[in-house]
Amino acid sequence: MAERGGFGRGFGGRGDGEGGRGGRGRGGGRGDRRGGRRGNKSEEEKWVPVTKLGRLVKSGNITSLEQIYLHSLPVKEHQIVDALTKDLKDEVMKITPVQKQTRAGQRTRFKAFVVVGDGNGHVGLGVKCAKEVATAIRGAIILAKLSVIPVRRGYWGNKIGLPHTVPCKVTGKCGSVTVRMVPAPRGAGIVAARVPKKVLQFAGIEDVFTSSRGSTKILGNFVKATFDCLMKTYGFLTPDFWMETRFSNSPYQQYTDLLSKQATKAILPPTEEIPPVEV
Amino acid sequence: MDSDLAKSLRSVTISPLEGEEEEEEVHIEEVEEDEEEDEEDSVQLGFVEKPKNPRLLLSHLFPNKAGGLPAWLDPVNLPPDNSRLCGFCGDPLQFLLQIYASIDGKESTFHRTLYVFMCPSMACLLRDQHEQWRHKEGSPSRSVKVFRCQLARSNPYYSSEPPKLDGTDRPLCTGVPLCCWCGTWKGGKLCGSCKKTRYCSEKHQAMHWKSGHKSECYKLIASDSTIVNNGNGVQDLTVFKNGLNNATWPEYEIVIEEESGFEWEKSEGNSSSTGTSAIVTKYNKTDEALQSVMDQFEADADKKSWASFEERISRAPEQVLRYCRDATAKPLWPLCSGRPSKTEIPPCRYCKGPLCYEFQIMPQLLYYFGVKNDSNSLDWGTIAVFTCLASCESSISYKEEFAWVQIYPATSIRPGRLTM
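Order-wise, the sequence lines are chains A and B. First residue of the first sequence: 275, per the working numbering; consecutive thereafter. First residue of the second sequence: -16, per the working numbering; consecutive thereafter.
Hints listed in this document are in silico derivations from the structure and should not be mistaken for laboratory results. Incorrect hints may have been included.
Said to hold, decoys possible - Dumping the calculated DSS-like pairs for lysine-lysine here, alpha-carbon to alpha-carbon at most 30 Å:
#1 B:325 / A:471
#2 B:89 / B:325
#3 A:471 / B:313
#4 B:89 / A:491
Unchecked claim - Anything over 10 Å on all C-beta distances counts as not near chain A; from chain B, calculated:
#5 33
#6 47
#7 70
#8 85
#9 139
#10 290
#11 294
#12 300
#13 311
#14 326
#15 330
#16 388
Glycine included, every Cβ here is placed at the ideal spot set by N, Cα and C.
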């Protein structure tokens, strides 16, 4: 006769988990999250980080995305980007159905293309394919948040007000497409093709002249070239960067106990006699 | 000859140009990995909670717990000396968690607990990565060890009736004395001077000596009291609970929920719900150009598996353990690289039968343990535990099982330029 194993609450076996837990009301509290408007705050509070970087962000040791960019740390959790930026807007650019041929007909999935940005120097792009449109959009937003890059802006002429255009002429290349961005005076607007214009709007660039070469019909390369161009804005050495750099420790090394204890002990105490051990 | 020609002519048919037409209408993808089509197994999730009463986590109440001290199921035959040390640094391993997972149907597995121990040093874990790939050479030295202990319903340690949980339950016998510093392993060695404090290894004796035993040792020689820490923890073990020494992680109880009890979150996107119908293009139009954009930005295999991992845990982001002992169950891997294939999982070292996946530990546990985030602190993607399919019996009380650790690939950490 098959006897149900174990006393108390154990893993394995179906259904005994539910019965034992009902009293604590934990299942009810957790499962009851359907619909209902939740503020963004509560989602962030519920986030339990999975990576080391996530734990650093949650504990508040890292306060800005720039610290992460400085050390080229890979960002794996989109909640990190959420926590470190405000007003991140997203827009779905396109959703296409793609089909796969199976014996029983066609299987349709939806591919969503999302641009995310805060209009203030951070922009990201994400693509995701899923069986339902909503899932694809959600996944694409997450992927877009993970690919956020910083964009440097500067002035065309007088340094009045906030930066509004690219700091200098920069060019980016992908495949055969090269995109050249040239600083423009205020009021010029973004002079670019439809899709890169959207990306530049999300990046927070107000005026820019662009010039492209190559097979821009291949939109993939075209958009990647604009992205590459935006990445290069921070790579360009301008006279502001002529000062000698002070290298800093990465966040992983910054918060060790070792660094804080270094100042106290200089001389090691003499090794002590520990009494022998018998079995 | 004519008849042959006629036959071959008859077999020739005119087929419509279906292939070309379809390609014009709709984009036919290459076959992809069907990650989303997997049927979902009924997984049980474990969550950590501060225990309402630490006495509920003693071994005669068959607890599920993480951190703190292990509640040994068999309080007498604890794991031997060589299996309790880290294979690389030689320090005794630290208790990570234990779960009570009995198997129905077999008498010998009425009580069955799995214990996971780990060395808290990341350097040892990185070396352990090499070892877990090369399991074939005998029993390799590891820094992550899993022990399985099982007992029949009638056994010399616990009563055959279920515990009443009203404070009157008692174990039937006291266990062996444990180490005074870690409270985890058997205290087989005595301090040479006071002959009363017990240790499991010289390293723990050295640490206890430095942090206070030096001054107390002579006092103990004089007094008559004995410090007794037994295998079932009936005595008071407050020295470990306040966590002043770093030998144990903070103690939690593991609470079990079914994964299916959690609803999918309904996302509240800004414009997605209203704008989708307008943006979804009709079937017979594809933007060739935009298709190429999508191909460029589509994530690679590692990112895709990470994305589906995140999606799955987002239903219950606080989970620390996933349990599923079905034959078809597969662990939820965060990364594509570093997964074991069938051949990389060794056979059971006692009965030589196959191992099957039982449960996996999630990295959220590190957050709850408050593990620091420097370069030598622990960090893993997931730890998957494979146990003997037959849950074999043998004379060894605590049998070792196989743990597979998947860690995030190391990033090159270079000092960065300070820009303005």
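Hints violated by the structure (listed by number, smallest first): Hints 1, 3, 4, 6, 8, 10, 11 and 12 are the ones this structure does not satisfy, whereas the remaining hints hold.
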